[in-house]
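S.K.: Here are the chains, one letter per residue:
Number of protein chains: 2
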Amino acid sequence: MHIDALQEHILQRLERDGEIPLARQIYIILSDLILSGELSAGVKLPASRSLATDCGVSRNTIMFAYEQLLAEGYVISQTGSGTFVSDTVPVADWSHEESALKEKSPMTEHQRYLSKRGSELVSSAQASAEQWQPFVSGVPDISLFPKDIWLRLLRKHWQQATPAMLSYAHGAGYLPLRQALIERLRLARSVNGTADQVLMISGLHNAISLIAQLLIDPGMTVWMENPGYWGAATVLKMAGANIVPIAIDEEGLAPTPEQIAQPPKLIFVTPSHQYPLGHVMSLARRRMLLDYANAHDAWIIEDDYDSEFRFAGLPIASLQGLDSYQKVIYLGTFSKTLFPGMRLGYMVLPENLVDYFAIGLSEKYRDGRLLEQAVLADFMVEGHYAAHVRRSRLRYAKRSVLLREAINEQLGPDWVSSNVEAGLHLVIHLPAGTDDVAIARAAKAAGIMVRPLSRYYLGEPSRAGVLLGYANVPDELIKPRFAQLARIIRSELRA
Amino acid sequence: MHIDALQEHILQRLERDGEIPLARQIYIILSDLILSGELSAGVKLPASRSLATDCGVSRNTIMFAYEQLLAEGYVISQTGSGTFVSDTVPVADWSHEESALKEKSPMTEHQRYLSKRGSELVSSAQASAEQWQPFVSGVPDISLFPKDIWLRLLRKHWQQATPAMLSYAHGAGYLPLRQALIERLRLARSVNGTADQVLMISGLHNAISLIAQLLIDPGMTVWMENPGYWGAATVLKMAGANIVPIAIDEEGLAPTPEQIAQPPKLIFVTPSHQYPLGHVMSLARRRMLLDYANAHDAWIIEDDYDSEFRFAGLPIASLQGLDSYQKVIYLGTFSKTLFPGMRLGYMVLPENLVDYFAIGLSEKYRDGRLLEQAVLADFMVEGHYAAHVRRSRLRYAKRSVLLREAINEQLGPDWVSSNVEAGLHLVIHLPAGTDDVAIARAAKAAGIMVRPLSRYYLGEPSRAGVLLGYANVPDELIKPRFAQLARIIRSELRA
Numbered sequence: 001m002h003i004d005a006l007q008e009h010i011l012q013r014l015e016r017d018g019e020i021p022l023a024r025q026i027y028i029i030l031s032d033l034i035l036s037g038e039l040s041a042g043v044k045l046p047a048s049r050s051l052a053t054d055c056g057v058s059r060n061t062i063m064f065a066y067e068q069l070l071a072e073g074y075v076i077s078q079t080g081s082g083t084f085v086s087d088t089v090p091v092a093d094w095s096h097e098e099s100a101l102k103e104k105s106p107m108t109e110h111q112r113y114l115s116k117r118g119s120e121l122v123s124s125a126q127a128s129a130e131q132w133q134p135f136v137s138g139v140p141d142i143s144l145f146p147k148d149i150w151l152r153l154l155r156k157h158w159q160q161a162t163p164a165m166l167s168y169a170h171g172a173g174y175l176p177l178r179q180a181l182i183e184r185l186r187l188a189r190s191v192n193g194t195a196d197q198v199l200m201i202s203g204l205h206n207a208i209s210l211i212a213q214l215l216i217d218p219g220m221t222v223w224m225e226n227p228g229y230w231g232a233a234t235v236l237k238m239a240g241a242n243i244v245p246i247a248i249d250e251e252g253l254a255p256t257p258e259q260i261a262q263p264p265k266l267i268f269v270t271p272s273h274q275y276p277l278g279h280v281m282s283l284a285r286r287r288m289l290l291d292y293a294n295a296h297d298a299w300i301i302e303d304d305y306d307s308e309f310r311f312a313g314l315p316i317a318s319l320q321g322l323d324s325y326q327k328v329i330y331l332g333t334f335s336k337t338l339f340p341g342m343r344l345g346y347m348v349l350p351e352n353l354v355d356y357f358a359i360g361l362s363e364k365y366r367d368g369r370l371l372e373q374a375v376l377a378d379f380m381v382e383g384h385y386a387a388h389v390r391r392s393r394l395r396y397a398k399r400s401v402l403l404r405e406a407i408n409e410q411l412g413p414d415w416v417s418s419n420v421e422a423g424l425h426l427v428i429h430l431p432a433g434t435d436d437v438a439i440a441r442a443a444k445a446a447g448i449m450v451r452p453l454s455r456y457y458l459g460e461p462s463r464a465g466v467l468l469g470y471a472n473v474p475d476e477l478i479k480p481r482f483a484q485l486a487r488i489i490r491s492e493l494r495a
Numbered sequence: 001m002h003i004d005a006l007q008e009h010i011l012q013r014l015e016r017d018g019e020i021p022l023a024r025q026i027y028i029i030l031s032d033l034i035l036s037g038e039l040s041a042g043v044k045l046p047a048s049r050s051l052a053t054d055c056g057v058s059r060n061t062i063m064f065a066y067e068q069l070l071a072e073g074y075v076i077s078q079t080g081s082g083t084f085v086s087d088t089v090p091v092a093d094w095s096h097e098e099s100a101l102k103e104k105s106p107m108t109e110h111q112r113y114l115s116k117r118g119s120e121l122v123s124s125a126q127a128s129a130e131q132w133q134p135f136v137s138g139v140p141d142i143s144l145f146p147k148d149i150w151l152r153l154l155r156k157h158w159q160q161a162t163p164a165m166l167s168y169a170h171g172a173g174y175l176p177l178r179q180a181l182i183e184r185l186r187l188a189r190s191v192n193g194t195a196d197q198v199l200m201i202s203g204l205h206n207a208i209s210l211i212a213q214l215l216i217d218p219g220m221t222v223w224m225e226n227p228g229y230w231g232a233a234t235v236l237k238m239a240g241a242n243i244v245p246i247a248i249d250e251e252g253l254a255p256t257p258e259q260i261a262q263p264p265k266l267i268f269v270t271p272s273h274q275y276p277l278g279h280v281m282s283l284a285r286r287r288m289l290l291d292y293a294n295a296h297d298a299w300i301i302e303d304d305y306d307s308e309f310r311f312a313g314l315p316i317a318s319l320q321g322l323d324s325y326q327k328v329i330y331l332g333t334f335s336k337t338l339f340p341g342m343r344l345g346y347m348v349l350p351e352n353l354v355d356y357f358a359i360g361l362s363e364k365y366r367d368g369r370l371l372e373q374a375v376l377a378d379f380m381v382e383g384h385y386a387a388h389v390r391r392s393r394l395r396y397a398k399r400s401v402l403l404r405e406a407i408n409e410q411l412g413p414d415w416v417s418s419n420v421e422a423g424l425h426l427v428i429h430l431p432a433g434t435d436d437v438a439i440a441r442a443a444k445a446a447g448i449m450v451r452p453l454s455r456y457y458l459g460e461p462s463r464a465g466v467l468l469g470y471a472n473v474p475d476e477l478i479k480p481r482f483a484q485l486a487r488i489i490r491s492e493l494r495a
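If you're matching them up, the sequences are chains F and C in order. Sequential numbering of the first sequence, starting at 1, is according to the UniProt record's numbering. Sequential numbering of the second sequence, starting at 1, is according to the UniProt record's numbering.
No copy labels: a pair is met if it fits in one copy or bridges any two.
With a Cα cut of at most 27 Å, we get these calculated BS3-like pairs of lysine-lysine:
no. : residue 1 : residue 2
1   : K398      : K444
2   : K116      : K237
3   : K265      : K237
4   : K444      : K479
5   : K398      : K479
6   : K147      : K398
7   : K116      : K265
Hints were generated in silico from the structure; no laboratory data involved.
Chain F with its partners taken away, still in its complex shape:
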């Protein structure tokens, strides 16, 4: 393609009212052209300002796309002379390439402005902009939420709101909510403890950040499940943790002997429903983990993000309930049981940490929102919470079955990763070497949000696959939308 045709090509493909941000669209268009060879190595891209004018978008949009291309190695930037398509055919002579790179010393835009850790955060960003499309994972069916009941309780609490309920919170949050919550956790999750050990916090990320700052110093080692939740890894890295990825097998966390010989200070696990693979940690492995943490004075974070949703088999108790050493910090969230926008989560802490965490919470976040916590306390005490979870569980169980049927019909048996029927998502494993990122990208263009499994791995090697959330897809859409996705998968498998 001659560079003059570029503008026209972009204008043709750009969807101005589409779901995908313009910068991302331009990045996709350009990377497609480079990978296909239509824009060949050495071609100079138009200056961001002029391309922006030609395409009728802001200069920031173009710059953002260029930076992404630069960060991923599609283009190189030479100060003063412009941006050029890279030679993406691998070269044998590494030393030559290295010296060439040094000579050019490309500096991406974000490296210019941001700190090292900031650059790393931005270039490894994973959160989806869109949160409400078929197969988006980790989002419940918000349309089930009993808005009328919530609104009635909101009205009640606003009408009787004292200034203290609208001011800053003192430490651990609204006591009646913490009481209702520990009752529920005792019953549903076999969690041990009292309301004093419960801290309300605005979301899992803030909880992990507080734990990291109070319990570890920069450079200390944290074990993360691999694959695992990238958001937790991001927050821990930002707090200076040295992340060591630990493999997952059928029984759960499976460190190597070398890893075992170097105990970490903190261990992050999802024992009841491994995220994203769905395994349940075996009892033997749980006890080994607790003994190990106790022997080496390590803390364990148990992220029990979606365990209220188990459709078959025996309920699986929390790891915290087994812990006689006071080493487990139990984390939960209302994002999966109620709605994510609420931004309210909770921690159940070992007794000897409670007071420190209450202080740390006040100092680090100066939390508030007591009125909403009072609304939620009523919602739980009046039984609406349990009823809503029960209703949601039935709905999700049905959708899980529908999706499994669709997978069988479209792709045949033996594709789903986990035989544990629980949670809000499942994983389809794909043959080694499948480009799951390309599948996710093609699906996104078709209005389907799946996440590539490879992106959940910290470093190599990774398995290919896609995560599918079924909780928020209307029953009648599951099969047709999956059929669409299956076409994309089959076409990628043939490629």
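Once you've looked at the hints, dock chain C against the given chain F.
M.R.: Chain C alone, transformed into the frame defined by chain F:
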């Protein structure tokens, strides 16, 4: 005092239904006895378990008080043999004391559990547990808030809530709110920019934490006003910043030539109403600051926390409005104009940082609460915000006058620090050497919350004084409550 009399003394002084947490009360009682010599050096304190039983409180309560005493050097702990009152009379022979200390190697409870930075956070904690008593600073008069209007808007938005409004937010927050906000900031604060540059964030602490992680790496230097807002310093320290305290003079930030020679990466200022002293940064100083930041590639955080409340004189424009270099990050909050428990603040960013901060926000916090943002957008667009601020301003102006009159009547003229009539608090300066912490403690026991000025200083030397918030004290209580406080101040000055 014989140790057997301790239980009785504690039971006599303990207020079980009081405002002060029990652990804190016990800490105060014991430290008083040690300082007064009634518990003399070498006396062994009862075991925490038995004292807890005797006093009818939990063991945690006693342990917390003991740890605080240990951290502050009132007692020493010898493993296996117990907790002993320290010799608090200074010793001349330092080397002797040092070796004695080493021998004992006292380790406070929190050092046992927490990281270094966690221990530091907990032992320097400053947030007040009580937020709704006369003269608490930084809290507006929440009783003025038009709850009915808010509730009406809440009902409207809940009734029409789509799932997307209840899911995670995408990056920067709800656009109509950001539009309403930038209009207001342009008008009221001379802030430059567009809605694209506005990011909604759940409070100032989270904003500072995000800035620190995106723009500085551990060990980099940050200038903080001295005295200044301890909460900002805490968050920056937790993010690994090397805090350099910069003195404040009548014109604002006043670095020494040595400090100027070592440019920081980030500068935190409150130019419109220095916190806590109340000075306004002069125009000359503002321009110097902007030129300096630009020349040395430093970022400036402008914390414009309460500038909507100015009762006299010309309005003072934001520093951001003067910045032609795109170096200023402007921060504001609804905590002072609406109510603190809302937990909603905002940043106005330089254009070249906007996209990165939107990504960083999603990755680090996964924000939500779009429905509340929509309510607030309506509240602003319908004019309720401006009306509420205007009404609050008149009320606070009156209370500021009443408090100044009370100070004049009780203590005479020339005590108030700042002649700028603005904000939610003022400072009374006290003669050098006055123990303002003791005043604050005595006031607290009488149900009056004042903050000691010395606590706002990072390192020595500090000035003595007390901060008085007047915004949330009913008109008719200002004079009687201040008379009470004046008695405490006078008695401390005589001591």
